[in-house]
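Enquirer: Using the sequences and the hints, build the whole thing.
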Amino acid sequence: MNTNLNNTLPNYLEHKGKYKGILGWIFSTDHKRIALLYLYSIITFFCVGMLLGVLMRLELFKPGQQFLTPQQYNAAFTIHGVIMVFLVVIPGLAAVFGNFLLPIHIGAKDVAFPKLNLLSWWIYLVGAVIAICTLVFGKGPPDTGWTFYAPYSTTSNTNVVMAVFAAFVLGFSSILTGINFIVTIHRMRAPGMGWFKMPLFTWSLYATSWIQILATPIIGITLLMVVAERWFRIGFFDPALGGDPILFQHLFWIYSHPAVYIMILPAMGVITEIIPTMSQKRVFGYKAIALSSLAIAFVGYLVWGHHMYTSGMSVTARWVFSLLTFIVAVPSAIKVFNWISTMYKGSIDMRPPMLYALSFMFLFMIGGLTGLVLGSLATDVHVHDTAFVVAHFHYIIFGGMGFAFFAAMHFWYPKIYGRMYNMKLAYWAWGILNVGFNLLYFPLFVIGLQGMPRRYFDYLPQFQLGHVLSSIGALVTATGIILMIYNFIRSARKGERAPANPWNGLTLEWMVPSPPPVENFVEIPVITEVPYNFK
Amino acid sequence: MSTDIVSEHRDDYGSKLGMWLFLFTEIFFFGGLLIVYAVYRSQYPLEFRAASLHLDTYIGALNTIILVTSSMCMSLATTALLKGNKIRSARLIAITVILAGAFLVNKYFEWDHKILLNLYPGSGFMINLSHGYVMFFGLYFFMTGLHALHILIGMVLLTVCFMRVRFGNVNKDKPMLLLNSTLYWHLVDLVWLFLFPLLYLIK
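Protein chains in written order, with our numbering: chain A, 1 to 535; chain B, 536 to 738.
Hint data in this document are derived by calculation from the structure and do not stem from the laboratory.
Incorrect hints may appear among the rest.
[What the hints assert, rightly or not] Simulated crosslink set (SDA-like; lysine to any residue; CA at most 25 Å straight-line):
1) Lys-115(A) <-> Arg-626(B)
2) Lys-649(B) <-> Leu-687(B)
3) Lys-109(A) <-> Thr-599(B)
4) Lys-707(B) <-> Arg-626(B)
5) Lys-649(B) <-> Arg-233(A)
6) Lys-115(A) <-> Asp-547(B)
7) Lys-115(A) <-> Leu-687(B)
8) Lys-707(B) <-> Pro-114(A)
9) Lys-551(B) <-> Leu-119(A)
10) Lys-115(A) <-> Lys-649(B)
11) Lys-115(A) <-> Tyr-719(B)
Expert: If you want it as structure tokens, here you go:
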């Protein structure tokens with residue numbers, strides 16, 4: 001493997017291909033450059049979504065109207081949801097770190113279809129532009145919520161068609177990435193890398209890709225039906241025309257529940273990479289973690305009904321969905337137990353990646369356990385459509401996927417840019433983010449239980465304390481995120497040069513220089529050992 | 536630095552695998568529509584049956600024959616190419632494109648006829664009918680329209696294949712574009728084989 005470390009090929013950041021300057025990026029088929037294209041677009045959209053979120057929180061600082069009209073508030077939470085779900089967290093880890101690491105992790109020079117990979121990013125960009133255009137064109141931005149529930153989405157005067165079409169286009173990008181990854185994993189593994197010698201991040205991407213392929217088309221067709229309904233008044237979903245709005249909810253959640261696992265599975269994969277490396281210990285229960293990814297993908301496909309307990313379903317359907325929801329918690333818990341067992345008696349290195357990984361576990365467990373409150377039939381009726389749901393969702397998606405993203409950024413940053421970020425700033429940002437995050441979302445659990453509905457523009461005075469705390473938390477969280485992004489941007493130019501293997505990792509990305517050369521490997525490595533074989 | 540450090544990678548099996556995965560997504564795409572069909576069919580069985588009598592089974596059957604024949608032509612084109620007969624392969628692809636065009640022409644007259652009879656969602660005539668009728672014709676236009684869009688995409692794809700085969704860029708040793716396009720075309724054909732009985736032949 002020494003040939004790979006000492007190779008003299010130019011690194012991917014400096015390599016000059018067919019095009020120069022920015023064209024060399026936006027037309028590059030190098031998986032690492034595409035990963036960075038995704039990274040920059042996702043961070044941009046994340047900041048837009050975050051700004052909308054902060055605006056909503058400030059509006060809710062006091063009861064009554066502050067500076068947003070009710071219509072603007074509705075548009076704000078809709079666009080916040082559309083941007084965060086479809087533009088940030090669904091592509092999120094898979095498109096950025098999946099693209100960057102998957103080929104290196106399995107010892108390949110690139111993904112199976114590099115051009116298709118670039119096309120995915122372009123389609124993503126087109127979808128994003130359409131989504132942003134909803135703000136400008138038509139009769140105002142959509143106000144339906146990111147769920148586009150019928151019949152309101154089929155009758156609202158706002159620019160729903162465009163938003164729905166954007167989600168449709170983004171689905172295409174997601175599907176193509178999924179196909180690319182599955183073929184890559186099946187066909188491009190280095191000699192000797194059997195299925196159970198793959199890094200666990202690869203396993204989680206494999207499960208994620210299958211969900212992307214099998215679930216996304218359903219939302220595609222459903223969104224097209226919403227468009228057809230609006231244009232031709234067919235009456236698929238509008239009860240005024242004889243349609244069935246519950247049918248829309250079913251079709252929507254058949255995709256959108258598995259989509260939650262599209263978001264969280266790669267996050268779990270990232271944590272599974274970080275914990276053994278930062279504990280310098282062999283991962284506990286490799287096969288259990290690998291197979292639990294597939295189990296989550298499979299069972300997660302069958303639990304969509306738990307979003308609809310109060311919408312009208314037969315008693316049998318409700319308890320079956322509830323049972324399946326409890327079952328899907330089992331493989332998630334297996335992973336958590338395995339992470340903790342991996343840390344046991346390891347020599348734990350508490351630098352930023354590990355800190356973020358631990359935050360992930362803490363927040364993810366709060367999010368996961370409150371998910372069971374929502375998954376049981378009786379308690380769900382009480383907290384359905386309250387701020388409790390908002391808190392649960394953000395603990396899973398932001399506390400889970402978001403923090404895993406931050407963990408991944410801190411873990412692989414030296415590999416991506418060849419430089420190390422400022423540790424002191426990173427610790428500060430981590431601390432601020434953790435305080436801010438819990439201050440932002442935990443009060444929502446409490447006022448949710450007390451009966452504060454979600455998506456409401458105004459509220460009764462008795463909920464004010466919770467809202468004020470949450471709004472302050474939003475500002476603290478935003479400060480932490482800005483500090484973190486500042487640290488990354490500054491360190492990309494001014495940081496210390498990073499060694500090839502700053503965390504003493506054993507997976508293949510640490511066996512190539514930082515930043516990796518074009519085509520990753522001079523010699524395709526031959527794999528003889530299981531991963532994470534720390535002595 | 537030059538680009539020669541970037542090596543060429545080719546994996547025919549991999550590209551076929553990718554195509555199959557894409558076809559899965561297509562099946563799920565139409566599958567979502569079939570769920571909606573099933574739901575409303577069970578809700579309005581009588582109206583669906585009565586409404587389906589307005590469809591012309593002969594044109595439907597003719598279009599089925601056209602599509603199945605075109606699928607056969609594509610298979611023959613593949614075999615011809617793999618045996619090295621470039622000219623025959625190109626001709627068969629051209630025939631496929633023409634048959635696809637014929638399918639669309641038939642479809643056009645069929646739709647035109649329906650619209651003439653006011654049998655489309657939103658027409659003044661349909662408003663007075665029960666919702667089962669509206670839904671049937673809504674689904675009819677939506678499903679056949681989406682399928683026709685796939686035919687159009689297929690025609691573009693096959694035209695590209697035709698040019699590539701004609702000029703030798705796709706050949707016996709590099710046949711994947713044609714093989715994958717054939718797979719796609721078979722899927723379009725297969726979808727129609729489900730739509731035809733569901734819409735035209737229900738009893």
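Enquirer: Tell me if the straight-line CA distance from Lys-115(A) to Arg-626(B) falls inside 25 Å.
Expert: violated (30 Å)
Enquirer: Does the structure keep Lys-649(B) and Arg-233(A) at a Cα separation of 25 Å or less?
Expert: Distance of about 17 Å is within 25 Å: holds.
Enquirer: Given the hint that Lys-707(B) pairs with Pro-114(A), test it: the Cα-Cα distance must not exceed 25 Å.
Expert: holds (24 Å)
Enquirer: CA of Lys-649(B) to CA of Leu-687(B), is that 25 Å or under?
Expert: holds (21 Å)
Enquirer: Between Lys-109(A) and Thr-599(B), does the CA-CA distance stay at or below 25 Å?
Expert: violated (46 Å)
Enquirer: Lys-115(A) and Tyr-719(B): Cα distance at most 25 Å?
Expert: Holds, at roughly 20 Å.
Enquirer: Would the pair Lys-115(A) and Leu-687(B) pass a check requiring their Cα atoms to be no farther apart than 25 Å?
Expert: Holds, at roughly 24 Å.
Enquirer: Check the hint pairing Lys-707(B) with Arg-626(B) against an upper bound of 25 Å on the C-alpha distance.
Expert: holds (16 Å)
Enquirer: What's the verdict on Lys-115(A) and Asp-547(B), does the C-alpha distance respect the 25 Å limit or exceed it?
Expert: OK: Lys-115(A) and Asp-547(B) at ~15 Å, within 25 Å.
Enquirer: With the threshold set at 25 Å, check whether the alpha-carbon distance from Lys-115(A) to Lys-649(B) stays at or below it.
Expert: violated (43 Å)
Enquirer: Taking only the CA atoms, is the gap from Lys-551(B) to Leu-119(A) under or equal to 25 Å?
Expert: Roughly 18 Å separates the two Cα atoms, so the pair holds.
Violated hints, listed in ascending order, are 1, 3 and 10; each of the other numbered hints is respected by the structure.
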